[in-house]
Amino acid sequence: MELAPNEVNLNIKTHSEAAETLPLPASRYDAHGVRHVDYRAIIALAGPLFLNSGMQAALNLMDMWFIGRLSVDAVAAMGATFFLVLMFILLFGGVGTCVQTLVAQNYGAGRHADAAKPVWTGLHGVLIVTPLFIALAAMGHPLLAPFKLASPIETLAVEFWFPRLIGGPFALAFWALSGFFNGIGRTKITLAVSIGMVVVNAALNEILIFQLGMGIAGSGWATTISLLIGTLIIGWLFLRPAVQEKFQSRLSWQFDIKALGKHFALAIPMGLFATVDLLGIALFQLMQVQLGPIDGAATQIVMMLNSAVFYPAVGLGLASTTLVGQSIGAGDKDWAMRVGTVTTMLAVGFMGTIGILFSLTGPWLVPFFIAAEDPNAAAVIKLSTTLLWIAAAYHVFDGLSMSGFCLRGAGDVKTPTIALIFLSWFCFVPLAHMLSFGPGQGWVDFLPTFGLGAIGGWIATVIYIFLLGVLLFWRWRSGAWREISVLQLRTDD
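Position 359, counted from 1, in the sequence shown is what this note's numbering calls 402; the numbers after and before it change by one each time, with no gaps.
If you're looking for bench data, these hints aren't it; they were derived computationally from the structure. Be careful, since some hints might not be right.
No farther apart than 27 angstroms at their CA atoms in a straight line, the calculated lysine-lysine pairs in the DSS-like style are these [unchecked claim]:
{"id": "1", "residue 1": "K376", "residue 2": "K305"}
{"id": "2", "residue 1": "K191", "residue 2": "K301"}
{"id": "3", "residue 1": "K376", "residue 2": "K457"}
{"id": "4", "residue 1": "K425", "residue 2": "K305"}
These numbers were taken from a predicted model, which means no experiment stands behind them.
Generate coordinates for the entire structure from the input sequences, incorporating the hints supplied.
Set out below in structure tokens:
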């Protein structure tokens, strides 16, 4: 019987037999032979991923600190483009991020020689989409023009846009290579490389922005160059003799059109899932910037502070992708459900706690990211501290949305993506428009307006993240992914 692209062929006798012979991740047995979740094993896996994702939050905050030394307008310009840039990177980013799912399942099934193949397929996919990034990098002005930003802010936004989009292929290549080490549980390697990237980015920000006088564009180039260096380093680690000996990492570089087609079958919906969400957030950000530099800068500051809550939790999400994928590869979907739910609950607890702490310390944190001499500084600080309390309300439900990483580990991305399109584009974006803008403002005339400014926009965000978190967690707990069985992992059948 021929398998569809979204079905699995484990190349072992049966799932039950696999469960008897292959170890289950994060499991331990008590004296009576009863199986339990090994929280220490989860922490050992998730800890480096937690810190690694935290490095991304640190990088974002660092960029904003450097840009904040320029002006409030520069911070608002960063806010106008940050999520829009990230949206385009994630649109094609599935070719890199889906590698972890495929590696984890092959590794969980005990097929070490097949675990390196998705990395090369992902890198081939990166080469294919690179021309699209170059084209998008050159289209900054026409893409931003419809949003009618203030001229000084739009000029700065375009300067930041070009170097960030040029760095898109390096981000995808890094995700593909780091996905290999994450998928086999060697998360400390990814963490070490990420720390090095943050250090390089900090040094380059100072040199390019201020020493060479490149302004906000220097920050964009600093990020792109640090991504290139990180990709080269982790690529070298992937090709080391020790990795080659166990995973044959140097022997699977040949271009395989069949494998690439199956890779894109998972990568496209995975990329769309992230893009659908970020398009709504990007439009929300642009609305706040259009309201004025104060609303735009305050929203960007709160978003970046929230990233210090979100990104570490993504580390828990990535751990769940590995645990779920390895459990399915070993043939035990019940265990996949159990470890996936546990990691999601850990994310809920972490995000809820840290979100409240950030809100309490907001009056001391926010001033670090605004030039004190800027005439709008006091207004931005006041609004930001208010928005932090509103943002704290959605962190628990944002933690629930980490169940999307469990679905990713199971290969269940198509149905959640379709649901997310409706939820983001037809619920969140119109609601944010109605609550943010007043009469005579905004992009369309057929929606009612309530003129609550950035506060109204953030209320819409809370409603959206509540619905999203509940939706994704319900999908995971429904067990619908059990019938999907993910991908055909073997590409040489």
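Are there hints from earlier that the structure breaks, and if so, what are their numbers? Going through the list in order, the structure violates hints 2 and 4 and respects the others.
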